[in-house]
Amino acid sequence: MPVPGSGPGDGPAPGGGAGPGGAGAGPARRARRRLTGSALAAVGIGVLVLSIAIAITIGPADLAVSDVFGIVGQHLGLGDAGVTRIRDGIVWDLRLPRTLLAAICGAGLAICGAIMQSLLRNPLADPFVLGISSGASTGAVLVVVLGIGGGIVGLSGGAFIGAVVAFTVVLLLAAGAGSTPDRVVLAGVAATQLFSALTSFIVTSSADAEQTRGVLFWLLGSLGGAGWNDVALCGAVCLVGLVVCLAVAPALDAFAFGEDAAASLGIPVRWIRLLLLVVTALITATLVSAAGAIGFVGLVLPHAARAVVGPGHRVLLPTTALIGAIFLVWVDTVARTVFDPQELPVGVVTALVGVPAFAVILYRRKGPA
Amino acid sequence: MSLQARDVSWGVGGRTIVDGVTLDVRPGATLGLLGPNGSGKSSLLRLLAGVRRPSSGSVLLDGRDLGTLRRREVARRVAVVEQHATTEVDLRVLDVVRLGRIPHRTAWGPEGTGDREAVTLALERTGLTGAEERSWHTLSGGERQRVHIARALAQEPQELLLDEPTNHLDVHHQLELLALVRRLPVTSVVALHDLNLAAMFCDHLVVLAAGRVVATGTPTEVLTPELIADVYRVRAVVTHDGPGGVPAVRFEPGLPVTTPVTAQARPV
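So the protein sequences, as listed, match chains A and B.
With the first sequence counted from 1, adding 67 to any position gets you our numbering.
With the second sequence counted from 1, adding 1393 to any position gets you our numbering.
FYI, nobody ran anything at the bench for these hints, they're computed from the structure.
From the three backbone atoms N, C-alpha and C, an ideal C-beta is built for every residue, glycine too.
One-sided and incomplete, this derived list gives chain A residues near chain B with beta-carbon spacing under 8 Å: (1) 321; (2) 327; (3) 328; (4) 334.
Coverage of chain B stretches by chain A, computed from C-beta distances (three or more under 8 Å per stretch; other residues unrestricted): (5) 1437 to 1450; (6) 1462 to 1468; (7) 1472 to 1484.
All chains, full assembly: derive it from the sequences and hints.
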């Protein structure tokens, strides 16, 4: 194999550290792209932090961004913020966990969408396609309306169990049909219908008006009850999920031309598909059990991220997470403030934004291919 | 030793698609795989690539059973160019060619100089230097095939398997593409429909019918009117005045006098 030896090489240890420091000798174009990559990351994280801080100040009680940083600093042991206990409580006990949970849900759902779209080779796939959220809803309704679980598993616990059951049903259905991507999607659609019907059946046959209202609100997604427990659990699950997905990012790239192409590039297709389906199902189940069924984030935002950074998953997944986080922080802010003191379910706002975006994707899909 | 199939069978849904195929691919040679639609060419290529596991028999790579090797190891040796592999993803030419480096890269490591050189060389060999930034969706059929070959070359394979790479290409691009494959310093197995192209570009031919090998040998040995009548059910006149004295096949209207299908020819 002739090695032309063009260019002086990228420093002495090409396999070394992943830092951007080695960009000196590579082609200029590459170096610039890497720079824009890290610049984008810095800007994205900056915008996210600022969004969270600003979102917290919005609403009744006159707060400034500096108060928010002061209060957070105080709780981290960095001096006294000099604000009243009530304001401290509003920020630290109410709005900060809520806003962080919004960011985590946005990030997690968007990552799940990006992965499922690549894995199932379907630009319209998202976590909800697999019936996971319908299962979660059925579980929650069973607990709330019928009191199953005897108060030991709460609404969240019921939702989580429901999500896992739904996902198992989907995998079994799909496995019986050969587990190809389209079969997985079809199994998901079937499961979604089944569990939606079960939910409606339980609600209409057994719930009173008060329960129905509470359940419906939760079904459409609500970050209202967010506490630090939720933030810790969802944050941990999403972080682990993101790391796992980043570790198999090249495999996701390899799925671009289908499963056989991926296999011929050395990807253990079945194992990767199972791993990623399980990871996305667990992330979705955890998020849905904490915040209800928030739709369209996973469907729309990965496309936005692809438009910004292209299709490579190593960069795409963190970007998708950032955009999802920023998006849901603002959507939740809108949801809790426009009809203040009445709150809109956050899922209503994401759907109002998501449906037009969905239409745009459909129209654009008509173009190529 | 390169790739060998030893009495390989494979089927799906109770139907046998590949039925006891034995073949040897000589290192450095270009092997043509012929046979009518549904004769099992694509399935055999997938078995040779290790993308499917045979239900019986074995595929050997340098004498080692593919089933005992890790997919990644196989992908560093054997590259595949599928028929019409396309994507919904908005990829550039460079993105596609870089996919070929996946079996060589670690999960977290950055792209190394070896990766970049392999990609540059693959683009050069396929005449795609300068087209790196073009979008996949703007490419013609011939260009897409070239990009896939470049991606396969970026894998730095010793064996290259191509499934009807000339399908849907005009005559110029068919010749150009096979000439390119022929020039490459790899062992290749090419499934083809066009008998004249097979005669021009292959050192060796294997003919499949209903999943079985019905003839093997040089183009001159294999491409006879009798075999063509038997396997493809068409009448043909074969002369030996193709480029470099290879057989040239001309088809005639009307059905051949039917002989008992694939009765006489048996695998080696």
